[in-house]
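K.L.:
With the hints as a guide, bring the two chains together.
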Amino acid sequence: MTVTTNHTGISNRLLDLVPAAPAQQSRKDFTSDQEVRWCPGCGDYAILATVQGFLPELGIARENIAFISGIGCSSRFPYYLQTYGMHSIHGRAPAIATGLATSRPDLSVWVVTGDGDALSIGGNHLLHALRRNVNLKILMFNNRIYGLTKGQYSPTSEVGKITKSTPFGSLDRPYNPVSLALGAEATFVGRSIDSDRAHLTSVLRAAAEHPGTAFVEIFQNCNIFNDGAFDALKDRSSRDDVTLKLAHGEPLVFGAEGDKAIRRADDGSLEVVPAGSPGVLVHDATATDPSQAFALSRLTGDTHGVTPIGIFRSVDAPTYDEALNTQISDAREKQGAGDLMSLISGGETWTID
Amino acid sequence: MSEQVRERETRRLDRVVVRFAGDSGDGMQLTGEQFTSETATFGNDLSTLPDFPAEIRAPAGTPAGVSGFQLHYSDHDILTPGDAPDVLVAMNPAALKANLKDLPPGASLIVNTDAFTGGNLKKAGYATDPLTDGTLDPYMVHRVPLTSMTINAVHAAEGTGSVNKKEAERAKNMFALGLMSWLYHRPTEGTVGFLEKKFAKRPEIAAANIAAFRAGFNYGETTESFTVTYEVAPARMRSGTYRRITGNLALSYGLVAAGELTGLPLFLGSYPITPASDILHELSKHKRFGVRTFQAEDEIAGIGAALGASFGGSLGITTTSGPGVALKSETIGLAVSLELPLVIVDIQRGGPSTGLPTKTEQSDLLQAMFGRNGEAPVPIVAPRSPGDCFDAAIEAARLATKYRTPVFLLSDGYLANGSEPWLLPIRETLPDLKVTFTTEPNHTGPKGPEFWPYLRDPETLARPWAVPGTPGLEHRIGGIEKSDGQGNISYDPANHDRMVRLRAAKVAGIANDIPPLEVEDPSEQARVLVLGWGSTYGPIAAGCRRVRAKGLHVAQAHLRHLNPFPANTGEILRSYDKVLIPEMNLGQLRTLIRAEFLVDAIGYNQVRGLPFKAAELAGVLEDVINQ
Ligand SMILES: Cc1ncc(C[n+]2csc(CCOP(=O)(O)OP(=O)(O)O)c2C)c(N)n1
Ligand code: SF4
Ligand SMILES: [Mg+2]
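In order, the protein sequences belong to chains A and B.
For the first sequence, the positions run -14 to 338 when the numbering used here is used.
For the second sequence, the positions run 94 to 720 when the numbering used here is used.
Just chain B, with the same shape it has in the complex (with noise of 0.2 Å):
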């Protein structure tokens, strides 16, 4: 990089939160992942919101075609990926349309001045050019003339004799790149490194990428535009070995973590959707694990693989979205009845119907809660932050082979997409969750040793798992009900109301055997209590240490089990005065708080597709406090 050196000022900030923002097909949720991985490298704490549209290609140019990456990254630990940028980068007129109105005054712009065509301007729904007409007034805009420098640095540099000027043109994100790494003094090579390997099979694109990117980043030193630059300086963050992970990866390393913890084969059946796919194409990577993957041909088929492979001792998982547990309800009602281990992985978006794909939600909870006919209770588990969604995938594992049950987790979009740096567990503080087969009779009948498939352990009420191939104990089992204990067909309504009561009783046991839910209340003064659950654990606690600065009291509680409760919740929501639920939907949780505690919970709901911000939350807690 250029040796140049001038005066000019270096901030040291505490934290900073810069958003990405182009057309759909200008990279930009690569280059915001590259940034992030030249972050993660630094050693900062950090958390990300990527934000694209549901079309693979939307209109080009226009606001429903952007696409954009935010981070937050900071010298502490953060929570959230930041409510507000503090610079935007904006490859065209829509995606400053899109994104300025999340821009607070003062805030840095740095704008691609060469797509600021009358055209484009048009297309965004610009009637005159915001560069010119004041609409910019309020910020800190630096002009850049991107795609020109781009197309010149390409055409200038070695090796890129080859390349077109629509590939030069395609390398503006890594311009953009190279610039940002300059302002806010990221590490470069990890950059040029992955371009190198990104494009290894074509050195001339590889070439003209760097190029690109050492061009942004020698245009900030050679510019007057920039005045200041920015460091941030690394986190202090509990010793040991990080990676950055995104929820999906996490989910999935978790999935593949529960094989082996529990000794079973992993057998995943699922059908494409959007935000869960990821986790289908990350499992069927991992062949040498043993874990077979099922494209089925449709979300029935996908759970009804998964449990068929259940009933054969594999660890059964079937991985969706909302629309996709709709159509699984009546498998799912089928793995109660047969009490049967499976996991159903629910990545939560925008609904009702098709919804809104690519945005987050969390209005399953209901659903996976009573979403079947009958009484068919099925425990439910949320991790709370990306790399949670390890040791979530592990916990729903151990429920659904201990208590031999379906168990839904349930993670959403924002997760899934969403990445922090993640501690890399260690092997030996991971559960042992080892399943063993029953292969003995557990019954002395009139003419000897019998298998009866639903004499329960009198502990966890959990029914024997005998699989295929154990000779002696031959069974039938099916979604009619059966005798208590020997599991043949009965009609009988005292037999049924036993087993509805048992089933329930089951679930409901579990409360005994997860931790009880923790508050934390830093003053111990606190009136009000703050309960979330999932993804809103971020949010709702950036919002908490606001409100705790300016010297009000807060406690809050955050449940990972969401069926059955933590033993003491009730107790816990029955000590403050008030109890505030803020949730991603239009009250689902509190309905099930209220039902079951008759606690009158206030709700602060919201559905607008984006995670709460911390400020928001502050507000809201304020507001709850001071009334």
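The shape of chain A in the complex, shown without the other chains (with noise of 0.2 Å):
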């Protein structure tokens, strides 16, 4: 493969090793001649418009980019990108993603999948994926809600959620995909909205920036099925009041006005206080410890009045796709290239004239 560096401003030791792009690639150069098939109104539009435009940002070669996905409306996303592309099956694509990965360090891949997709059928293999640290960027949309099979509850609906399949309401305890992901160990987790363009094209171009798997959970509007369900942190008149917009180094504070912050209470849990209150913190997702980012996980619209996006966790760690090819190369410069004959005739053998 021809390793050649030099991607536009992003870059990591593994990126690196994907081939760049030989001229200027643009939003059109990443459009498929597919006709994309979502209920209008839909948040994977904008999904889709921001990561179209985002990709040439890489500046790596458009062929050497794989995206893999499960089922679900949000994993139709790879027809209507002009790279390679995989629609698998329900839940397996971080599985599919993994060996694709692994066996091709030339290429930059990212899987996309939905609540359901990652956190239900596939949650084994999504926590497997963050616990190797695979070199994969997983874009997961979470509208709460399956959107595909016609509005069922998901695992990340709110308790008590009237849909088809509960008309009494839901019962179980829904999951908290960013804590889950810490949990994990993953090395990289996000979290940002399909509406907000340009936060969640910073989120993208960090996780790209990210060698190793990066996590990233999307608020995606399902406006047939699951209409209005992060508007909060939509509405112009509210949304600053209730998102907490994670910057790595700086102080956690938020509000309209400046006028909320963030410290540790006497539990060890946060709170929030009035800015100016003594013992702000400051954000650092370059902590080795998770325990603040997981912290900030549970932070919630519901609990504490605010929801964090943004970057909780970057962290440089070996990642499982390195470590294997190296053991392969170490292999053959201590022992040189397998050589067929002299290992099927290992052992004992005899010779009958």
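Simulated from the structure, these hints should not be mistaken for lab results.
Heads up, simulated DSS-like pairs for lysine-lysine below, C-alpha to C-alpha not over 30 Å straight-line: (1) B:LYS671 to B:LYS643; (2) B:LYS290 to B:LYS378; (3) A:LYS13 to A:LYS219; (4) B:LYS290 to A:LYS319; (5) B:LYS378 to B:LYS527; (6) B:LYS194 to B:LYS216; (7) A:LYS135 to A:LYS146; (8) A:LYS135 to A:LYS149; (9) A:LYS319 to B:LYS291; (10) B:LYS671 to B:LYS706; (11) B:LYS291 to B:LYS258; (12) B:LYS259 to B:LYS216; (13) B:LYS259 to B:LYS291; (14) B:LYS378 to B:LYS294; (15) B:LYS527 to A:LYS319; (16) B:LYS540 to A:LYS13; (17) A:LYS319 to B:LYS378; (18) B:LYS294 to A:LYS319.
Here chain B is said to cover these stretches of chain A; the calculated rule only asks that three of the stretch's residues, wherever they fall, bring their Cβ under 8 Å from a Cβ of chain B: (19) 35 to 49; (20) 82 to 91; (21) 104 to 115; (22) 316 to 329.
Beta carbons: idealized from backbone N, C-alpha and C, even for Gly.
P.N.:
In structure tokens, the structure reads:
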């Protein structure tokens, strides 16, 4: 494989293994000829536009990008990108992408999945991909509902959700995807919103810059089956008061007037206090210990009146694919490339004339 | 070894079946393996059958915890690990209890008398001592105080000062091996070297085992108990270099070879399961061949990762047993739809469910054939002997890469752990399976050149394989139905009907690319054909030899390809009055044969977790011939 570096601004030791684009690419270069078939008004459109707009920024050759998805409305995503892509089966995209990424270090491999796909049927694969730190960028579109199957509650739906399958209200507690990912010690965990193009782009950029598994939860509106799930975070009049935009190295302050802040309470959890109070925390996404990132993930609109978005955690750690490929190159260096005939005639042999 | 010479008869035999049996912790597999190694170096033909419990340390001293190893060796070519032992080594009462039923009257029996204590007899379920109550009257019994003699020998030897009683006792399997090596005139240098190497880090344990081994050998020489020793001359085998190989090892080597022959890096995605794990263990050693092994979180992830690697241009492999295949079904369907190469190795074991993990069975044929939603044809290849697993693995990879399809490789527990001498292949005779990826557009559209991922090769019906990284051929594939040629999502009814038929025709067309079914009928007068598949080849062929030796006529054919069948299969089946299909299941191949060829085949079916016996099949054949 040709190794060419010099991607426009975005770079890491793994991305540097991916060939650079020979010329500047544009959004059009990443748009396939397929008609997009989500419901009009679906949040997936905005995410698609942002991704198509962002990919040229990566500066890597289009043919060295692969998008792998599972099943769900969100998982139709790869069809609309002029890259290599696979629309696979429900929940299994992280596993399939793991095989692709570990065997092809010259590719940039992305997973697109939904809240049901990633956390319900594919929950185990997600946890293990995060644990292994395979060089994958996992974008989970969280609409807190099963879209494609027409509106059953999902593992991120709030308790008591009335849906076709739960006419008396859903009973099970939802997952907090960011807490889950941090619990699996994911090395990169971010969160953004479909409609906030600038913010989503910044999180995608940071994810791309991260060598290893990047998990990004994207709040996505399903205007057909769960409309308005994230309205509080989108509504111009309320959003600044309920959104904490995480910025590495900056104090954890939010509110339209910058009047609210986060600090550690006596029991070790986080609490919202007036800005200027003593002990306001400074966000450190690179802390090796994930405890503070986890504590941040526990802040929700329901419990604290605030939802953090941005990058919770971004730490550099060895990746599974690098380690595997190093074992191979080390073995070849130490023992030489394998010789088939000496392998199979190893052990005790005898000859009959 | 002892120089003592004694008047003793040496009897020449043409073949011998020996069985070692003891507690799972007694090292019977190692003992059997080592006796086999000695036998292989001596130049006999051989076939082995290990038989062990599923538990790592099953309850000690009970029949459930007994581990056995049977070896059949000869001065001519043989096909099976033997029906019944000529000699049984029983390390304790439980081993005797579990194995005596297989021992024909007059056979030799070597028992470790030290183990026949009241407690052990009770654990084995003996109310009275079989050594004294007449149970063993029909046999030639050699009573050997194996444990105490081992301990004495170890403590008397040099360099074993630090060895405690328990460690000394543990060397008793080597005493048994020494005695058997003497009784059957086996070479001994190999075993001494083996022990030195195995215990290189603990020289005192090596010394203890070697002392026990020598003591066993010398005991045979000095005791009055053995009046006859046995010799089996080396077999006349085809010239060439041989090694002994188990099915799982041969299969692993076949996969490594397939990687080299196709020019593709191997990617194995797997989850541990008996009796397939050894392939994962073996392939994980071969990093220098560029083999990537991935121990996944489950079977679904194992095959998923393999399929992902195939998408990227690797030769994706997944290895498992029946329960794992069940989990992989949906992904196999995806591979059928994506039309990507993938080899699915199923080392069959007793089922359903967890079934009999360490026992053999052929009951996944219909699962491999039909165990998916939709019309999802998958070619099936089955090896017939341990060594044949090498060639079968290469054949599976050939079909997978040439036809861009998942392929089942159906081995089983008997082939996996059984071993035989294997004539090493010559590099030049291995097939060239070089794969070339598509790098150029294959269609001209209104706007110029395009890449159509489902535009098929007119001859093989295989689709082009363009891997990520190829400029200009960016494309998306998925499990939703695709339009013929162009490959875009299509829900068009006529297109779906066409695609279903195309995928079926592609797999059916393989019939023209595989050797015709061969029939062995030396007298050319047979009216009965016996048809088999997979690991039953040896017992069926041995059964045929027996009935032919009696002057009866029988024809044998053995299927390597079960989907599709060789093109001449129907014609052959219809040219006999009767077709008998012995299988280690309740008639799965017979179901397929009846459905496809309307031939009213007769079944002979056993699912006892053990391979067929030659005598058993000879009896069945005779009945069918004489009916
Ligand atoms: C094995 C399997 N089980 C069930 C389904 C049906 N199914 C398709 S998508 C889906 C849920 C999708 O929800 P989510 O992942 O949240 O994606 P969304 O449609 O909301 O984007 C289900 C249950 C399937 N395709 N395959
Ligand atoms: S059902 Fe919901 S998630 Fe699916 S396309 Fe329609 S709006 Fe989008
Ligand atoms: Mg959803």
